[in-house]
Amino acid sequence: MTGLLCMHGKRGDVAFVLVVVVTIAAILSAGMVMVTTQREFVKQTGEMSRLSSDAATLESYAIAVSAMVGSSEIRAGGKNETLAERFMAKSREQESLLAGSRGFYERVTAPEAVQFISTNEGYSLHISAIPIIIVREGHKMQRIMNLQINFDGQGRVHKVYKEYST
Amino acid sequence: MRPNRRGQESKFLTGFPVLLLVVVLIGIFIGFSFTLTATKGAQGVIAERGREYGNSFYQPINQPITIGTQEILVLDALLRVDSGDIKRQAFENGLYALLAPEPAGSCLVLALDRAPKPGAKSGQEARNDFYIIKETNAIRAENFWIYLSLSEPYRRAGVFSETSVVLHDGTRMYIEYYFGRCVS
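So the sequences go chain by chain: S and A.
For the first sequence, my numbering assigns the number 166 to the last residue and increments by one with no breaks.
For the second sequence, my numbering assigns the number 184 to the last residue and increments by one with no breaks.
None of these hints come from the bench; they were simulated from the model.
Bear in mind the structure is a predicted one, so any value in this text is a computation, not a measurement.
Check each hint, because a few of them may be wrong.
Per the computed footprint, the stretches of chain A lying under chain S, defined by three or more beta-carbons under 8 Å from a beta-carbon of chain S, are [said to hold, decoys possible]:
id : segment
1  : 18 to 31
2  : 75 to 81
3  : 89 to 97
4  : 149 to 163
Ideal Cβ positions, reconstructed from N, Cα and C, are used throughout, including at glycine.
Put together the whole structure using the sequences plus the hints.
This is the structure:
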């Protein structure tokens, strides 16, 4: 009887030791996977961060140019019906060395993309589907941005809305 | 009974650190998952108030063209000063307008180069550095030859902001800027 108990005890120990060994092995392998994944992730994050920062710069540029030209055309006076035309004509005169700005200027001078209307509060400029495309070292980031800028009656920027199309 | 108690103790001594490790690893995994979720970012409509998006180089300034003047962004003008399309003096004159509504003792510091921290360069390399001061009766530009000593207090105070832009030809240009009360 005592021998049987001892045997049971040993079998239990072997199983427990196996559980411990397998758990440690699992933890170590999981840890290794995590460390290698994190290293790759940090690399990818660096690239993504630069792409994202360049895209943000291009977006800010598009907003700033649209606000500048829109505001200038409101202050210049003239018929409200010709605001969109005048906005597109002025935008064509702008030149930029900034990468990716060509897509913006092509869009901002396309009649189907630009709506510039008079509202109760002032003026509202809508530009649809502005391509924000950044290509860098084999990586590419692409967004399509819809922009709405609300101006007051004097051409001061009141609110800016941006929305990404899918 | 004694061997059984010893067995229990040794099982506990072996098992406890393992359990502790498992708990710690689960904690790290959960933390990691939350970090990944947070980096996905927001989508949809983002509303901004006017001027909140604007740094000093997203402000419009007037630059002379063949006939009259044209309103362009400081950023475009700065890049065209570097490419030689716009003269340094004309660009500085345009920057004066940004300081006009500011109180005396305001400064605009702007530097552009192909390497990071463009404002740290000295002498000849500082051709794209601009230091504009609003004084009580006038607005004037400092000579860029002494830019290094002028920019040092700003660097020490850690008030410079830096960004970079990519040009059509793939060149990355770095811009350092400061717009506010002069630091000496």
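Examine the segment 89 to 97 of chain A for residues whose CB is less than 8 Å from any CB of chain S, and state whether their number is three or more. Violated - the segment 89 to 97 of chain A has 0 residues with a Cβ nearer than 8 Å to chain S, which falls short of three.
Stated coverage of the segment 149 to 163 of chain A by chain S [criterion: 3+ residues, CB within 8 Å]: Contact hint for the segment 149 to 163 of chain A vs chain S: violated, 1 residues under 8 Å.
Coverage of the segment 18 to 31 of chain A by chain S, judged on three or more residues with CB within 8 Å: holds (count 6)
Establish whether the coverage given for the segment 75 to 81 of chain A by chain S is satisfied; the threshold is a Cβ-Cβ distance below 8 Å, and no fewer than three residues must meet it. It holds: at least three residues are needed, and the segment 75 to 81 of chain A offers 4 whose Cβ sits within less than 8 Å of chain S.
Taken one by one, the earlier hints fail for this structure at numbers 3 and 4, listed in ascending order.
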